[in-house]
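Chains as they are written, first to last, in the working numbering: chain R, 1 to 648; chain X, 649 to 845; chain B, 846 to 945.
The set of hints was computed from the structure by calculation and includes no laboratory data.
Possibly wrong hints are sitting among the right ones.
[To be verified] Derived list of chain B stretches under chain X, where covered just means 3 residues or more per stretch with a C-beta under 8 Å from a C-beta of chain X:
| id | segment |
| --- | --- |
| 1 | 860-873 |
| 2 | 879-886 |
| 3 | 893-907 |
| 4 | 912-925 |
[Said to hold, decoys possible] Heads up, incomplete: computed chain X residues facing chain R, CB under 7 Å, no partners named:
| id | residue |
| --- | --- |
| 5 | Leu748 |
| 6 | Glu752 |
| 7 | Ala756 |
The model shown is predicted, which means the values in this text are computed figures rather than measured ones.
No residue lacks a Cβ here, since even glycine has one placed at the ideal position from N, Cα and C.
In case you want the letters, here they are:
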Amino acid sequence: MQLLLSLIFIPLLMSILVGVFGDFISKRLSHVLTILGVLISFICSVMLLNDFLITQQTQDILLFNWSIIGEIEFQIGFLVDSLSLAMASMITFVSLMVHIYTIGYMEHDEGYKRFFSYISLFTFSMLMLIFSNNLLQLFFGWEAVGLVSYLLIGFWFKKPSAIHANMKAFIVNRVGDLGFIIGIAIIVYYTGSLHLGEIFSQLSSIEGQLISILPSSSWNAVTVASICLFIGAMGKSAQMPLHVWLPDSMEGPTPISALIHAATMVTAGIFLIARMSPLIELSSIALSFILIIGSLTAFFMGLLGLVQNDIKRVVAYSTLSQLGYMTAALGVSAYSVGIYHLITHGFFKALLFLGAGSVIIALHHEQDIRQMGGLRKKLPITYITFLIGTLSLIGFPGFSGFFSKDTLIEAVHLSEQGGSHLSYYLLLMGVLITTLYSMRLLFLVFHGKYRSTHYPLAKVHETPWVVTLPLLLLAIPSIFLGGLIIDPMIMGGYFSGAIFVSPENQSLQEFIDIYHGVIEFIIHAFVASPAIYLMLLGILISWLIWYKNFSLPKQFASLIKALETVFKNKYYFDYLYENIFSQNIILLGKMLHKWVDAHLIDSVFVLGSARTVQQISSKTRQLHTGDLTQVALIFFVLLVIFTAFWIS
Amino acid sequence: MVIDLVFFTSVAILMISAMGVITSNNPVHSALFLVSCFFQSSVLWLLLEAEFLAIALIVIYVGAVMVLFLYVVMMLDIRKNEHKQSVSSILPIGIGISILFIAELIFALSGTNVVQTRDTGVLSNPNNTEALGIELYTNYLVEFELASIILLLGIIAAISLTLHRRPGLKKQDISQQVSVSKKDRLKVVQVRSGEGA
Amino acid sequence: MSVNDYFIISIFLFAIAVAGIFINRKNLILILMCVELILLSVNFNFIAFSEIYQDFSGQIFVFFILTVAAAEAAIGLAILITLFRHKKSIYIDDLNELKG
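Given the sequences, and given the hints that come with them, work out the whole structure.
This is how it looks when you write it as structure tokens:
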């Protein structure tokens, strides 16, 4: 219990200390405090995980009752189980790495202490979300991470593009939150409780309930609730069509891109669906919906990564694509694989982002990859770690990403969920595309000739140890973690207490039955799945195009040009949202202001009521003639009337 | 028979005097009509065997209150019939309402049974004053004292309202005289011989 | 000449007095005189009832009413005088400062 409370609240304490007293303490003290806080958090989470592995005991702790409104209790409580501990370990580790990295990255920034305060606050919010045992607290954590993400994306608030990006992130998140709240409301309405344990115990009774959305049609309540919850997850985890904020969120400093938009906040949506798995398993419509959205995102976002010229944007679209993969895994009820991929992805994507940041500061804040090249010799550590991350991402055999990705694709392949065939092909194509953009990035940045005209090559040197140490520390799990934990996590039923899979969706079970060990898995991949061959094909193609600089035949070139325009406009999603939706809403607002605000409320209600009172009172005032005898007459008349009533 | 005659005469003069009060142009006439009302009331109360009150009415009301009224009327020097419009425009309405009121109350009265008992009981005591006195001083003593305080209040209020301090008038302020202290008045000075005044 | 007649006298006096209050356009003193008339009519009522119920309470109450009426007349006149000092007139139409 002590461990849990210090795990969650020490980062908050450090964040408040550094945030409030930032002006009075030195920069060194501020980063020492916050790193100490996150380090304690990490140690506590590892110890709790250790305890859990020994005792296999899930704890549902009630901290206090906040209030009771009607029949619904609002509580603050914590749920310590396999899912939350696994995620907490990953989150605190990545957060610790990012904290250390920030010492070097934000060294010359004047908002140094504010940044540390924010990222500690973020760690607290995410941990609150993960460990909550009721929907209210989960929503609190949800909103809190959204808020801190807003603060951090717009960290350099004097840049107008940063402000635009953070507003966009917050507003798109809000759209998702609307779905989330409606989902919570439906759940509360039908089960009468916000507490996860209580909700799940009542599921059998609410399975058949119908809810009428429009007056004529009625749908299954569980389906509607699940889809609404998933809409919330779409906003937070950036699935199509609510993905538009993530690329723009690269306006924030690189450490937060690593922390928030690779490993933690965007995984909150995946976590939510996994956590609510008993509910969502009851609705196959919702599962198909999740599957299709996920696989579409995986494929189409990957394509966009091919045409980006900003190093961080490439990695951002890669994140979007991988989130699509995780969502697809959830859609085929392979929740454990989804979380497994989430954890491995957290490590290698954070590594990639931090590596990109290392390149950026080595080149003195240059982010355009057309200005880079041949940095392999100058930034060796960065190059090695970036290579490791890339190999893990594309699923090179033996690395973490390989295990999680291939398991995922196999699970989708074996599933009979509606839409799983289409998903399988989309995910396979996604493997090819992932390889293409990743290797493109690698070749353009680290190989070839140095192309920059802004910054001389002689000045480029490896970044300080505070930057490269986290890279090295993150590289280790990127290689080994997958192979190590696949046994307990997937095959051994590690998540069995936390995640529920209904009997008809046991696609993963078939896979588990044929699994015989890590080495066997690697060999099996060469034999059974086309994924690995697609990856090798991708490496070949990218080597040819971007390393050897072959140029494409003329017919291909014009087709590629047309596609490139579509990709560069990001499928016109931004155009739709900004020019059509936003402009119309602004127009509506202006009209409402003119007609309702100015005319109706100001003239009719406010001034009108004053005028009416004036008119009535000027008529009524004339009753006061100041005539004494008239008063007496009125007295007498009333007396007569009263007597009449009294007599009768 | 005689009593009936006295009764009706008194009532008639009473009503005429009351009408006279409200319709006179001259306020002095109104006051005098009011005095006549009181006299007739006194007669009527005698017929009701309330002797003390009848006399008290004359003594207090006519002797003190009406005199006061007349003082004020004469002091204020009201010109008779100063303004042309001496009858109010709401006279018809007023008369109508009054008649309505009278009718109402008479109607109310007619439904009740008023018991008439005479010649038996307390009020037959020939010494009405003594009986009243006994009643007053034993059962209603506190109220009696309160009445005296009310009169005191009346005095104080009337005097303080109308007290008119003329400026430039020299008079004594007793409270200031009493609150003086020795050092305001007396100063001991050492005087050498030969140097005085 | 029953006791009822006294009630009728009381009613008539009251009505006349109240009518007098609002049909006068002359001066303020008339109002005070009408108040005295009202009190007189009430006294009639009390004494008539005292006669009926053979109880002294009515007469004692009249005693007190006389007292209070005297005090009230004195104060009323004092106020009148003060008013006259300020407004220099006791004509009703001049007293319209409450006109809204």
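Do the hints match the structure? See the list:
1. 860-873: As far as the segment 860-873 of chain B goes, the hint holds, because 12 residues have Cβ atoms under 8 Å from chain X.
2. 879-886: Held - the segment 879-886 of chain B has 4 residues with a Cβ nearer than 8 Å to chain X, which meets the minimum of three.
3. 893-907: holds (count 10)
4. 912-925: Satisfied; 13 residues make the cut.
5. Leu748: holds (6 Å)
6. Glu752: With a closest approach of 5 Å, the X:Glu752 hint holds.
7. Ala756: Check passed: Cβ of X:Ala756 comes within 5 Å of chain R, closer than 7 Å.
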